[in-house]
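Participant: Here the protein sequences line up with chains Z and F, keeping their order. For the first sequence, this note's numbering assigns the number 54 to the initial residue and increments by one for each residue that follows. For the second sequence, this note's numbering assigns the number 54 to the initial residue and increments by one for each residue that follows.
Keep in mind that the hints were calculated from the coordinates and are not lab data. Hints may contain errors.
[Claimed, not checked] Cut-off 25 Å, straight-line C-alpha distance, at most; resulting in silico cross-link-like pairs (SDA-like, lysine to any residue):
#, chain 1, residue 1, chain 2, residue 2
1, F, Lys438, F, Gly63
2, F, Lys223, Z, Ala450
3, Z, Lys166, Z, Tyr65
4, F, Lys223, Z, Arg477
5, F, Lys405, F, Asp362
6, Z, Lys482, F, Glu83
7, Z, Lys166, Z, Leu72
8, F, Lys166, F, His187
9, F, Lys155, Z, Thr272
10, F, Lys223, Z, Leu72
11, F, Lys482, Z, Arg86
12, F, Lys482, Z, Leu210
13, Z, Lys155, F, Thr272
Protein chains: 2
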Amino acid sequence: MAPWLTDWRGRYTGRAAALVSPANTREVAEIVRWAARHRTAIVPQGGNSGMVAGATPDGSGNQIILSLRRMDKILAFDTDNGLVHCQAGVILQNLHEAASAKGRRFPLTLGGKGSATIGGLVSTNAGGTQVLRHGTMRQLVAGIEAVLPDGSIYDGLSPLKKDNRGYDLKHLLIGGEGTIGIVTSAIVQTVPALVDRCVVWVGVNSPDDAYRLLLFMQTQAREKLEGFEILPQRALNAVIKHISGTRAPLETEHRWHVLMELVQDDPSQTAPATLATNLLEQAIEAALIQNATLASSEAQAEAFWKIRDSIAEAERAEGPALQHDISVPVAAMSRFIIEESPVIEREWPGTKTVAFGHLGDGNIHFHVKAPPDVDTAHWYATDGKAITSHIYDRVLAYAGSLSAEHGIGQAKIAEFARLTDPTRLSALKAIKNAFDPLGIMNPGKLVPLA
Amino acid sequence: MAPWLTDWRGRYTGRAAALVSPANTREVAEIVRWAARHRTAIVPQGGNSGMVAGATPDGSGNQIILSLRRMDKILAFDTDNGLVHCQAGVILQNLHEAASAKGRRFPLTLGGKGSATIGGLVSTNAGGTQVLRHGTMRQLVAGIEAVLPDGSIYDGLSPLKKDNRGYDLKHLLIGGEGTIGIVTSAIVQTVPALVDRCVVWVGVNSPDDAYRLLLFMQTQAREKLEGFEILPQRALNAVIKHISGTRAPLETEHRWHVLMELVQDDPSQTAPATLATNLLEQAIEAALIQNATLASSEAQAEAFWKIRDSIAEAERAEGPALQHDISVPVAAMSRFIIEESPVIEREWPGTKTVAFGHLGDGNIHFHVKAPPDVDTAHWYATDGKAITSHIYDRVLAYAGSLSAEHGIGQAKIAEFARLTDPTRLSALKAIKNAFDPLGIMNPGKLVPLA
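Could you build the full structure based on these sequences and the hints that come with them?
Facilitator: Here is the structure:
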């Protein structure tokens, strides 16, 4: 069972009484009914690629892991309406390929696509790099099926565009981290395949300029802007140093870099390279950007994206660092980066901050590298803990979220409890207790009950 | 208090112990705390233009109406990001005008826009005629504030694009009909103002052809297709007969008609009239449509939409009829109309069905006219009741919803209880009881507790 007992980041290891791997929804329901009778806690698990140990059992050895991986079938594909009915264990990459084979595209994508499952993506309301236009998983789920904590099967699979029959249970299960039910299948919305795309690398002076570029691009390119990522020179350097085959897209150095993707949905639209060239010329003239280059081939486009997707790995190779997946209102993100980074580096000498990610969503991954030559375990437990608390305090001051796209799981539950106002917290507890009065459904995750 | 005691359709009249009209969120909270102490039920009310008597008190005279109409201020307008913070009592028409003054557009619109309030629209997850592209109210709310049944204030106003901190309370309050909290303000998302639009009237042979036209237009025009409404000749005749100043857009008669709106977001796109002409020529050649005409001016575009918006009024003038706001999966809607209408007309001789509305959303308004010369009250209570039950049974057989966009309120609660599977029903009850254990928040609406 070892691979199922440790989370993807290797920070949490639990024990389990058993690993069960049902073949269909009926079997999931039977297991849950058994667990309810025996007051046994269930930990649902998909691809085990989550970032907050939400699918890792506790250390008691009494919990059961319920793996959805055998339920890996695409059950139906309605090509007219682009709707795909997936079992929970379908791997994201396989959905991408199935959609592509039908001339469609499932627009949500992220680094772990080779292992992340639909059920896990739904249960964590996953995000990724294409959220700007198409939203998170929440916007892409048209129907849902789940086994509730009493073993009953909730059938919300009819893909109705309008349905005002009571509280929206679909949206409650999405992002619910398996704490009020186990998602067994979902109908997801695909979009038409792209005609063309243009990936652009831009050098800018500051996160503020990056934000102004974002507003300019959104005004001019509207829905054609699908991605808008930001990274500092420091992150680019780390990638080039540690990830073989990567090179800087621009010959010039810049304090900050932006990676943009412009797309073409149908042949009658302006080619994205033409659109990009035109807009970038205006941006250069307005001194909004310093330099830019367009990927000249699909291979180069992939190479640009590879830089972005390798930052986490490169940063790991640079040495120990704290990682924070935070969001603030889009308009406030550049200010957050500019004002908060130097405070941290000053208060905790030797640390270095690296802020990168989805500027267009107000969501960045805010890393803080440990000073050189510290005892890592000790630093994590002392200064590391203090820095994380400090960052979450500051996020709260910006009316932001300490979990933008990774969820709460067990990794963030203590800080979540500390920083959440009593009204919200008591509402979350009320929902959890209403659905799962026995507390058998992924206990210890998402909702701080204590 | 009379105008507050009867619902918009005039079907329900209640009594009330008092009408309170707070000026701000704090006052709403004080009233709710008072009500909780005194176990007094509160009925929140916005523009009182709902279709299911969700804001009408019961007959006991013990309930309090809490009107949000005084809270009618637009509190903030972030033009960069198009976000508008509205108090609950802001009237939709006023939001439209405020957005327009800033070069923006709030894309949700419906017949009652002169009285419907933001709080009511949020609480009923309102739809309307532009849902195809921009979604219902659910998709347009970026932040929410509400007073919960214990008088605490839930602050979900930060407009975060990504926020995975526990169950999504925003989506629970949207469409909650004031049964678990009173929405006091909301941040809504506007979109850029249109450059141009083209409104088209099309004659088709059948709902099936209309559906095929929808798929064709969606494939070719993508996001530029903003509206797609269907109506039978019978409804057009009723409008021309009863609504002064209206005339048929086409000289030819057709069994069914489609009203489409194509839009242009930015000057670089193809003009919508050019796009429409091109696509309609292809549709005529493919014998998908029989005839079509483009509105040649904004005045004519308004005239086309006036026909659509007057159907409900014209049908009322035609005589008594049952109205059903139903949805089924988009792909099944034409089959529903074609197969179910003759069954009803045959089983209940003398009745006539009129199905019209938002084909693109799988949502039609399905009217059944009473036979001539019946005693209306008696017919409503006997055959009328049986027909409504029959229709909802059939909707269920198509995996549809007995409430697409109007909600449940008190008008549909009995049928909702009869037709909802126990798993869904018990989840709804659990949520209601978890938030409102005293049962003071708009009792008797939305959730069948008995």
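Participant: Go through the numbered hints given earlier and state which of them the structure violates, listing their numbers in rising order.
Facilitator: Structure breaks hint 10 only.
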